[in-house]
Amino acid sequence: MKRLFSAIIILAATVAIAQQPSGDLILKKVDDNFGSGNKIIVAEMIIHGRRGSRTIKSKSWIQGTEQSFTEFLAPAREKGTKMLKLGEQLWTYTPSTDRTIKISGHMLRQSLMGSDMSYEDKMEDPVLHNLYSAKVIGEEMFLERPCWVLELTAKRTDIVYYSRKIWVDTERYVPLKENRYAKSGKLLKTLEVKNIIRVQSRWVANRAVFKDVLKKGDGTEFVLESIEFNADIPSHIFSKAALRK
Amino acid sequence: MIKFLLKGLIRDRTRSLFPTLIVLAGVALTVLLFNWMNGVKNNFIQVSAKFSTGHVKIMSRAYAEEADQIPNDLALSGMESLQRELRRDFTGLIWTPRIRFGGLLDIPDEHGETRAQGPVAGLAVDLFSTSSPERNILNIEKSIVRGRLPEKRGEILISDEFADKLDIQLGETATLISSTMYGSMATANFTVVGTIRFGISAMDRGAMLADISDIQYALDMQDTVGEMLGFFDDFLYYDDKAEKITAAFNTHYMKTDDEFSPMMITLRSQNGLGEYFDMVSSISSAGLSIFVMAMSIVLWNAGLMGNLRRYGEIGVRLAIGEDKGHIYRSMIAESLMVGCIGSILGTALGLAISYYLQVKGINISYLMKNASMMVSDVWRAQVTPTSYVIGFIPGLLATLLGTSISGIGIYKRQTSILMKELET
Numbered sequence: 001m002k003r004l005f006s007a008i009i010i011l012a013a014t015v016a017i018a019q020q021p022s023g024d025l026i027l028k029k030v031d032d033n034f035g036s037g038n039k040i041i042v043a044e045m046i047i048h049g050r051r052g053s054r055t056i057k058s059k060s061w062i063q064g065t066e067q068s069f070t071e072f073l074a075p076a077r078e079k080g081t082k083m084l085k086l087g088e089q090l091w092t093y094t095p096s097t098d099r100t101i102k103i104s105g106h107m108l109r110q111s112l113m114g115s116d117m118s119y120e121d122k123m124e125d126p127v128l129h130n131l132y133s134a135k136v137i138g139e140e141m142f143l144e145r146p147c148w149v150l151e152l153t154a155k156r157t158d159i160v161y162y163s164r165k166i167w168v169d170t171e172r173y174v175p176l177k178e179n180r181y182a183k184s185g186k187l188l189k190t191l192e193v194k195n196i197i198r199v200q201s202r203w204v205a206n207r208a209v210f211k212d213v214l215k216k217g218d219g220t221e222f223v224l225e226s227i228e229f230n231a232d233i234p235s236h237i238f239s240k241a242a243l244r245k
Numbered sequence: 001m002i003k004f005l006l007k008g009l010i011r012d013r014t015r016s017l018f019p020t021l022i023v024l025a026g027v028a029l030t031v032l033l034f035n036w037m038n039g040v041k042n043n044f045i046q047v048s049a050k051f052s053t054g055h056v057k058i059m060s061r062a063y064a065e066e067a068d069q070i071p072n073d074l075a076l077s078g079m080e081s082l083q084r085e086l087r088r089d090f091t092g093l094i095w096t097p098r099i100r101f102g103g104l105l106d107i108p109d110e111h112g113e114t115r116a117q118g119p120v121a122g123l124a125v126d127l128f129s130t131s132s133p134e135r136n137i138l139n140i141e142k143s144i145v146r147g148r149l150p151e152k153r154g155e156i157l158i159s160d161e162f163a164d165k166l167d168i169q170l171g172e173t174a175t176l177i178s179s180t181m182y183g184s185m186a187t188a189n190f191t192v193v194g195t196i197r198f199g200i201s202a203m204d205r206g207a208m209l210a211d212i213s214d215i216q217y218a219l220d221m222q223d224t225v226g227e228m229l230g231f232f233d234d235f236l237y238y239d240d241k242a243e244k245i246t247a248a249f250n251t252h253y254m255k256t257d258d259e260f261s262p263m264m265i266t267l268r269s270q271n272g273l274g275e276y277f278d279m280v281s282s283i284s285s286a287g288l289s290i291f292v293m294a295m296s297i298v299l300w301n302a303g304l305m306g307n308l309r310r311y312g313e314i315g316v317r318l319a320i321g322e323d324k325g326h327i328y329r330s331m332i333a334e335s336l337m338v339g340c341i342g343s344i345l346g347t348a349l350g351l352a353i354s355y356y357l358q359v360k361g362i363n364i365s366y367l368m369k370n371a372s373m374m375v376s377d378v379w380r381a382q383v384t385p386t387s388y389v390i391g392f393i394p395g396l397l398a399t400l401l402g403t404s405i406s407g408i409g410i411y412k413r414q415t416s417i418l419m420k421e422l423e424t
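Protein chains in written order, with the working numbering: chain U, 1 to 245; chain A, 1 to 424.
I should point out that these hints are in silico values taken from the structure, not numbers from a laboratory.
Bear in mind that the values here come from a model prediction, so they are computed numbers and not experimental data.
Hints are supplied without guarantee of correctness; some may be wrong.
Said to hold, decoys possible - With a straight-line Cα cutoff of 30 Å, these simulated DSBU-like cross-link-like pairs (lysine-lysine) come out:
| hint | chain 1 | residue 1 | chain 2 | residue 2 |
| --- | --- | --- | --- | --- |
| 1 | U | Lys240 | A | Lys165 |
| 2 | A | Lys152 | U | Lys79 |
| 3 | U | Lys102 | A | Lys165 |
| 4 | U | Lys177 | U | Lys29 |
| 5 | A | Lys142 | A | Lys152 |
| 6 | A | Lys165 | U | Lys211 |
| 7 | U | Lys216 | U | Lys28 |
| 8 | U | Lys135 | U | Lys82 |
| 9 | A | Lys255 | U | Lys216 |
| 10 | A | Lys255 | U | Lys215 |
As the list claims (entries may be wrong) - Beta-carbon label-pair distances, calculated as ranges:
| hint | chain 1 | residue 1 | chain 2 | residue 2 | range |
| --- | --- | --- | --- | --- | --- |
| 11 | A | Glu85 | U | Lys186 | 27 to 35 Å |
| 12 | A | Phe235 | U | Val223 | 52 to 60 Å |
| 13 | U | Gly87 | A | Arg153 | 33 to 41 Å |
| 14 | A | Gly112 | U | Glu66 | 19 to 27 Å |
| 15 | A | Gly112 | U | Thr55 | 41 to 49 Å |
Unchecked claim - Only some residues are given here: those of chain U computed to face chain A with a beta carbon under 10 Å:
| hint | residue |
| --- | --- |
| 16 | Ile46 |
| 17 | Ile47 |
| 18 | Arg54 |
| 19 | Ile56 |
| 20 | Ser60 |
| 21 | Gln89 |
| 22 | Thr92 |
| 23 | Ser96 |
| 24 | Asp98 |
| 25 | Arg109 |
| 26 | Gln110 |
| 27 | Ser115 |
| 28 | Tyr119 |
| 29 | Lys122 |
| 30 | Leu128 |
| 31 | Leu131 |
Where a beta carbon is used, it is the ideal one built from N, C-alpha and C, also for glycine.
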């Protein structure tokens, strides 16, 4: 009887371990869900600063992980401002000065349009398994959804956040919560998803709050207006000449 | 009696020359040190007040907490109405709004691409209003090295050193890259119409001077300023008055539940200046005390030597019946004369060198290359009415102390053995 009981326990544990995929596999599925193909995104950033809130609307054309082009649509002061990312380089264009300026060095650490996101955050490779190795450290409920808790550790030294802790929906493979840490272990930024929608057979967060914990204020709310996967994007859009058009 | 002693001192130079020279040197050094410390302290006060702190400064409470970081996102709104109220309610001061800002100045080539780029420490002041005090406060006209003052919107001055480093020519367009008060990237084109040199390393490395309306537009700060500076109308700082004005303002305007309500602070309360002023005063007092002590010891020694040399003379005077107390007092009177003459000569010498250093100054720019303090590169002495009398304290005190101590020996002489001493 005792032997049978032990065997059942061992069998159950083995089944449980076999059912739980590895951290790296979960991370790959997260990346696959979001996809690395072409996308066109229209979104709003609602920045909840110390002086109040303001909304910035933008449209982005994204090709793979290397190229993106963003045009700001509102408010009036930011309208017509454009940003171009080509690999490791980032340029911004402002119509009031008619100047294209390369963002580099310490400027990359500055806030993007006053939000809690920095230019470095924007420049980062969105494919997480390229940057981090993952380990499952637990299971928790978040937003009434079962989640795997993954601990990500940077594979290289030139990555903005040395480690991350993410809560991944076990069925939809969408990160619902995320903490980003410095090498010292200090918490730098947090992300909390507020709502998820299904678009073209993929699960996408359409409302999330990104917070720079070193900054006062209530964070930056991202609201996804529309997203089009595998969109047809003309290649000339990813050129410096397109910034001035 | 005085005439008699004075004649004795003049005729017997060995009795007076050495002590007078010592007093002269000590007093000259004291006067010079006092004037130098005074000059450095006042230079620091004036430069800090003009470029950074004002005699009083108004900021939002939130801005004041992080003032070192120039947090324009926490700047003070409602500038125009505040300025009107200040001019109505605080009439003894001159009020002027300012915005300090940081950023990059980007110089384009003929294709609009970046040719040169460098960090600037920007200062936006009211350049265009006819009633603006800023041209005088910052001495802008005299600081221009090349070009002219901005005359219309979109024109700026930059530091001459910065212009040389980036090879910026007058008339060229420069794009300021900074942050709006909401944290967005701000870019604005300006025309460089002149270069300036304030003689302050912290400013001259990369200063940009622009009209406040241009910067308010560029940084999205309509009717908002970083700081409102107040200056006493004679441009001298009065700490007690500043404290009273500050208390009155804060009682009326500052609200503990609103982090963007205005608050006023005095010059002394900013950037550790109060501690600095106290330290300078302590050093001055310590310097004077050390001089008095050192000179007293030297003069005591001189007195001892003099007494040894005048051993016979004092003996004869005692032998013919002169009272010990009378001899002691006459020697003290002699020493006071020496002290007085030495002090007059020393003060004259100290003042002469001080006046020279007040006009010419000493250029220490080579020591200030990486300094971030608001202090002039040329340090000068400053002669004040106190400078004319300060040297008499150590001059008279030291001679008095020196002779008083050395003269005690007179009371140890015994008249019974005087003849024996005189025979030897």
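Outcome of the hint check:
1. U:Lys240 - A:Lys165: With a Cα-Cα distance of about 29 Å, the restraint between U:Lys240 and A:Lys165 holds, given a limit of 30 Å.
2. A:Lys152 - U:Lys79: 27 Å, holds
3. U:Lys102 - A:Lys165: Since the Cα atoms of U:Lys102 and A:Lys165 sit roughly 21 Å apart, the hinted pair holds (cutoff 30 Å).
4. U:Lys177 - U:Lys29: 16 Å, holds
5. A:Lys142 - A:Lys152: With Cα atoms ~20 Å apart, A:Lys142 and A:Lys152 stay inside 30 Å; holds.
6. A:Lys165 - U:Lys211: Violated: A:Lys165 and U:Lys211 sit about 40 Å apart, past 30 Å.
7. U:Lys216 - U:Lys28: 34 Å, violated
8. U:Lys135 - U:Lys82: Distance of about 38 Å is beyond 30 Å: violated.
9. A:Lys255 - U:Lys216: 20 Å, holds
10. A:Lys255 - U:Lys215: 23 Å, holds
11. A:Glu85 - U:Lys186: 27 to 35 Å: 44 Å, violated
12. A:Phe235 - U:Val223: 52 to 60 Å: 54 Å, holds
13. U:Gly87 - A:Arg153: 33 to 41 Å: Given about 39 Å between the Cβ atoms, the range holds.
14. A:Gly112 - U:Glu66: 19 to 27 Å: 25 Å, holds
15. A:Gly112 - U:Thr55: 41 to 49 Å: 31 Å Cβ-Cβ, so the 41 to 49 Å window is violated.
16. Ile46: Violated - the Cβ of U:Ile46 stays beyond 10 Å from chain A, reaching only about 13 Å at its closest.
17. Ile47: Nearest chain A Cβ about 8 Å off; hint holds.
18. Arg54: Holds, because the Cβ-Cβ distance from U:Arg54 to chain A comes to roughly 6 Å (cut-off 10 Å).
19. Ile56: 8 Å, holds
20. Ser60: 17 Å, violated
21. Gln89: 13 Å, violated
22. Thr92: OK, holds: U:Thr92 within 10 Å of chain A, min 7 Å.
23. Ser96: Given a least distance of 7 Å, the restraint on U:Ser96 holds.
24. Asp98: 7 Å, holds
25. Arg109: 12 Å, violated
26. Gln110: 7 Å, holds
27. Ser115: 7 Å, holds
28. Tyr119: At about 9 Å, which falls below the 10 Å cut-off, the nearest Cβ of chain A leaves the hint on U:Tyr119 intact, so it holds.
29. Lys122: Violated - the Cβ of U:Lys122 stays beyond 10 Å from chain A, reaching only about 12 Å at its closest.
30. Leu128: 27 Å, violated
31. Leu131: Interface hint status for U:Leu131: violated (26 Å vs cutoff 10 Å).
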